[in-house]
Amino acid sequence: MQNNRDELENKLMPDQQPSPRFEIDSPEIAATDFHIGNPHIHITGMNGALHRFPGVQSQATALLPPGGFIPTWKPYWPKLKTFGLTFPAGIDFLPVAAEETSDSKLQDLQAPKSSTGDGKSAKKKPTRIKPPSDALSIEDRLFYVLQPPLESWLKGQELIMPFEPFPYQYEGIAWIFSQQSALLADEMGLGKTMQAITAIRLLLRAGQLRRILLVCPKPLIPNWQREFKMWAEEIPVTTIEGDSKRRQMIWQMPGSTVLLANYELVVRDFMAMHEDDFPMFDLVVLDEAQRIKNRDSVTAKMIHSIPRKRSLCMTGTPIENCAEEMISLFQFMKVVPKHASPDIRQLSDLSKDYILRRTKDVVAKDLPPRIDRDEIIELSPAQEQAYKTAETDGIIQLNGMGESITIQHVFELVLRLKQICNADPLTGESSKKDRIIADMEEIAASGGKAILFSQWTKTIDWLAERTKQFGCLTYHGGVPTKKREPILDQFKNDPDSHIILMSYGTGAVGLNLQFAGYVFLYDRWWNPAVEDQAINRAHRIGATESQIIVSKFICKNTIEERIDKVLQQKRELFHRILGDSDNENTSLSMSAGEIFGLFDLKARKGGKAKRIGPKKAKPEANAA
Amino acid sequence: MTQSTDQQRFHLGFLWVVHTDLGYVGGLLVTNHLGRPLEFQCTAPVRPNKTQEILYGPTLQPFIYSELIGKTLFERVKVQPELIIISQVELIDLRTSISVPVACLIDSEDSQRELPDQTRIQLGMQQLRFHPDYVDDPAIVQKKCSRISKDADLSEPLERVKDALLETVKTNAVA
Numbered sequence: 001m002q003n004n005r006d007e008l009e010n011k012l013m014p015d016q017q018p019s020p021r022f023e024i025d026s027p028e029i030a031a032t033d034f035h036i037g038n039p040h041i042h043i044t045g046m047n048g049a050l051h052r053f054p055g056v057q058s059q060a061t062a063l064l065p066p067g068g069f070i071p072t073w074k075p076y077w078p079k080l081k082t083f084g085l086t087f088p089a090g091i092d093f094l095p096v097a098a099e100e101t102s103d104s105k106l107q108d109l110q111a112p113k114s115s116t117g118d119g120k121s122a123k124k125k126p127t128r129i130k131p132p133s134d135a136l137s138i139e140d141r142l143f144y145v146l147q148p149p150l151e152s153w154l155k156g157q158e159l160i161m162p163f164e165p166f167p168y169q170y171e172g173i174a175w176i177f178s179q180q181s182a183l184l185a186d187e188m189g190l191g192k193t194m195q196a197i198t199a200i201r202l203l204l205r206a207g208q209l210r211r212i213l214l215v216c217p218k219p220l221i222p223n224w225q226r227e228f229k230m231w232a233e234e235i236p237v238t239t240i241e242g243d244s245k246r247r248q249m250i251w252q253m254p255g256s257t258v259l260l261a262n263y264e265l266v267v268r269d270f271m272a273m274h275e276d277d278f279p280m281f282d283l284v285v286l287d288e289a290q291r292i293k294n295r296d297s298v299t300a301k302m303i304h305s306i307p308r309k310r311s312l313c314m315t316g317t318p319i320e321n322c323a324e325e326m327i328s329l330f331q332f333m334k335v336v337p338k339h340a341s342p343d344i345r346q347l348s349d350l351s352k353d354y355i356l357r358r359t360k361d362v363v364a365k366d367l368p369p370r371i372d373r374d375e376i377i378e379l380s381p382a383q384e385q386a387y388k389t390a391e392t393d394g395i396i397q398l399n400g401m402g403e404s405i406t407i408q409h410v411f412e413l414v415l416r417l418k419q420i421c422n423a424d425p426l427t428g429e430s431s432k433k434d435r436i437i438a439d440m441e442e443i444a445a446s447g448g449k450a451i452l453f454s455q456w457t458k459t460i461d462w463l464a465e466r467t468k469q470f471g472c473l474t475y476h477g478g479v480p481t482k483k484r485e486p487i488l489d490q491f492k493n494d495p496d497s498h499i500i501l502m503s504y505g506t507g508a509v510g511l512n513l514q515f516a517g518y519v520f521l522y523d524r525w526w527n528p529a530v531e532d533q534a535i536n537r538a539h540r541i542g543a544t545e546s547q548i549i550v551s552k553f554i555c556k557n558t559i560e561e562r563i564d565k566v567l568q569q570k571r572e573l574f575h576r577i578l579g580d581s582d583n584e585n586t587s588l589s590m591s592a593g594e595i596f597g598l599f600d601l602k603a604r605k606g607g608k609a610k611r612i613g614p615k616k617a618k619p620e621a622n623a624a
Numbered sequence: 625m626t627q628s629t630d631q632q633r634f635h636l637g638f639l640w641v642v643h644t645d646l647g648y649v650g651g652l653l654v655t656n657h658l659g660r661p662l663e664f665q666c667t668a669p670v671r672p673n674k675t676q677e678i679l680y681g682p683t684l685q686p687f688i689y690s691e692l693i694g695k696t697l698f699e700r701v702k703v704q705p706e707l708i709i710i711s712q713v714e715l716i717d718l719r720t721s722i723s724v725p726v727a728c729l730i731d732s733e734d735s736q737r738e739l740p741d742q743t744r745i746q747l748g749m750q751q752l753r754f755h756p757d758y759v760d761d762p763a764i765v766q767k768k769c770s771r772i773s774k775d776a777d778l779s780e781p782l783e784r785v786k787d788a789l790l791e792t793v794k795t796n797a798v799a
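Protein chains in written order, with the numbering used here: chain P, 1 to 624; chain X, 625 to 799.
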């Protein structure tokens with residue numbers, strides 16, 4: 001090892017003298033076994049390369065190919081589809097006189113007085129308008145869904161009401177509002193007029209109506225005028241009246257919103273017009289719509305032909321005689337085609353969609369109770385004598401007629417006997433008159449008011465002469481129309497006027513006499529529905545008396561007892577049909593068979609007694 | 625007969641968004657100051673995809689409510705409302721996208737209802753809260769307050785919008 005080292009030193013530094021050598025004396029150190037860092041370079045002959053710089057060369061290399069899928073995202077949302085509905089502009093009427101004096105700010109308008117108090121009414125469930133079942137398009141359905149609840153519409157915000165409607169009336173208004181075809185058949189006295197007027201008012205405001213025709217029986221024209229003034233003072237009402245030229249002008253006048261006309265004038269004027277000239281209406285309302293129950297009648301045909309968009313029928317007695325009568329109403333409402341004859345089951349199905357009927361016992365529990373009492377009266381001796389003679393002679397005469405007997409013959413006898421029950425034609429004796437005077441003395445003494453109904457204007461006039469002491473007033477077809485309204489006003493306001501005598505035909509429908517606490521049916525009508533109409537002049541919403549007493553005069557052992565029995569059965573039937581329309585027996589008026597049945601009429605033929613009368617009771621003979 | 629004068633006019637917009645099986649659907653009902661409907665617009669259902677759900681995170685719903693549905697409906701209505709009334713707080717940011725005030729109905733059971741707050745005003749039977757960044761909004765609306773009846777229930781028209789939206793979804797009116 002020492003030799004190698006010397007050789008290396010000589011090679012690396014050949015010109016230099018080797019450095020003086022020193023010895024390490026310590027034997028321990030000499031014995032260590034590690035090397036001091038001199039590299040071991042073997043002599044290979046190539047070590048000269050270590051003195052050269054290394055050669056560096058550059059070379060171009062191709063870039064990496066681009067990366068594959070790089071996920072990117074930007075906040076893109078597709079354009080949203082929308083669906084829109086614009087509501088027609090409604091009619092804004094000039095404010096009524098009462099509002100003109102107040103400030104235009106809304107909160108200053110007087111809200112209608114609530115019968116239940118403000119606190120309670122705010123908690124009521126609002127009445128929303130539901131889309132009708134026959135509204136299929138989404139626009140039609142949304143139109144109704146988006147209408148405000150009636151309460152907010154009516155209560156102080158937009159329309160002034162004289163008093164707040166009852167909840168069932170709100171429902172009725174909402175229902176009429178949404179129906180293109182409707183038959184409002186609420187029982188008499190539940191406020192059909194008010195519901196119709198308010199619905200018209202709302203439809204006008206909603207831009208659904210511009211021109212309305214309201215057809216009613218002639219005696220009810222003043223009633224409708226009064227009701228419009230009370231419930232919708234802002235709506236202009238034009239009554240069709242005057243000579244034919246003037247009427248023609250009114251029919252064609254574009255500005256009138258509500259036209260009020262009676263059935264007779266509508267029929268007459270439309271018959272005189274060419275079909276192309278018929279005025280067009282957005283809504284035609286028929287009050288007492290049973291007037292068109294016979295679809296073959298001229299009245300029905302002309303009324304059916306009035307051009308219109310919406311139809312509203314109103315009647316408390318949708319079925320007066322038979323269920324088939326409804327077909328004519330449905331035809332008017334464009335629910336059934338012209339010559340359709342739906343069966344009872346189909347009519348029942350249609351009724352569910354197009355008829356709204358509520359009865360007093362269901363909706364108006366706060367009505368005063370109605371007390372019906374049959375006043376059984378014995379005929380006076382003179383009346384009894386006259387009655388027996390007339391009956392015996394009459395039956396003999398009828399029996400003698402044999403097969404040639406007709407309903408008219410029997411009818412005449414019935415009428416004659418009924419008149420004798422009212423008063424003896426010879427002596428003027430009348431047990432009924434005596435009873436009414438006795439009753440009226442008591443009623444007048446207590447300041448009460450009574451309505452008396454009779455079939456005959458002659459009886460009414462005769463009785464009026466004998467009840468003058470009670471401030472008697474008369475109201476029947478013989479009284480000129482212009483005088484009728486003042487008579488009703490006098491009856492209402494004159495404290496000395498305690499009784500009004502009315503005929504069924506003129507006084508039974510549409511009048512509001514809720515201040516009267518007593519109703520007398522002096523003689524009986526043939527149809528319980530008409531009797532109920534009469535009774536409900538007093539027994540209706542807003543009745544002021546604590547109870548309504550209805551007295552039906554029935555003379556003992558006379559035809560009146562027999563008629564009463566039949567009417568009782570009819571009344572029960574009436575209730576059954578309205579609750580359940582599949583009842584087959586739908587005749588409500590007394591049929592021919594029933595009128596024959598009032599007497600035991602038999603024709604003798606070859607020693608055998610044969611019953612006289614129609615083979616089967618049919619509903620076509622409407623004695624009323 | 626006369627039309628309402630401009631001084632009386634105060635059109636209100638009632639906006640509601642509902643989440644159905646088909647997605648988010650919004651409806652805007654414009655009424656006059658009495659609540660009578662003037663125009664209604666509703667959207668087709670909006671259904672965010674998974675990516676949108678992940679990337680938007682918790683901001684997805686306010687975005688869909690305000691910027692997507694609310695703004696679109698406001699731009700589509702022809703009868704422009706002067707105040708948008710909402711009861712869903714997610715919609716309050718709509719104010720940042722449109723030029724008219726947006727007011728949120730305060731729940732009658734809100735514990736802070738009685739506390740004084742300049743961003744609130746009384747309108748009809750309800751208290752309204754405005755977007756905190758738009759301090760002038762309460763004053764703008766306050767000027768027109770007198771046109772709204774004191775017994776007007778401003779939450780009621782929103783019920784109508786809800787019913788109308790259900791009706792459109794049921795009938796698949798906007799696909």
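Note that these hints are calculated values from the structure, not bench results. Some hints here could point you the wrong way.
What the hints assert, rightly or not - Each pair of labels, with its calculated beta carbon distance range:
id	chain 1	residue 1	chain 2	residue 2	range
1	P	F163	X	T795	37 to 45 Å
2	P	D343	X	L684	57 to 65 Å
3	P	V362	X	S732	54 to 62 Å
4	P	D343	X	V713	21 to 29 Å
5	X	T683	P	F163	51 to 59 Å
6	P	K301	X	E699	52 to 60 Å
7	P	K338	X	L684	53 to 61 Å
8	P	K338	X	R671	47 to 55 Å
Given the structure is predicted, the values throughout are model-derived calculations rather than measurements. In this text, a Cβ means the ideal position worked out from N, Cα and C, and glycines have one as well.
Verification of the hints:
Judged by the Cβ atoms, the range 37 to 45 Å given for P:F163 and X:T795 holds: they are separated by roughly 39 Å. Take P:D343 and X:L684: their Cβ atoms lie about 59 Å apart, and the range 57 to 65 Å holds. The supplied range of 54 to 62 Å is broken by P:V362 and X:S732, whose beta-carbon atoms lie about 35 Å from each other. Look at P:D343 against X:V713: about 58 Å separates their beta carbons, and that is not inside 21 to 29 Å.
Range check, X:T683 to P:F163: about 54 Å between beta-carbon atoms, so the 51 to 59 Å window is met. For the pair P:K301 and X:E699, the beta carbons lie near 55 Å from each other, so the given range of 52 to 60 Å is met. Between P:K338 and X:L684 the beta carbons are some 60 Å apart, a value that agrees with the proposed interval 53 to 61 Å. Between P:K338 and X:R671 the C-beta distance comes to about 50 Å, which sits within the given range of 47 to 55 Å.
Going down the numbered hints, you'll see the structure goes against 3 and 4, while the others check out.
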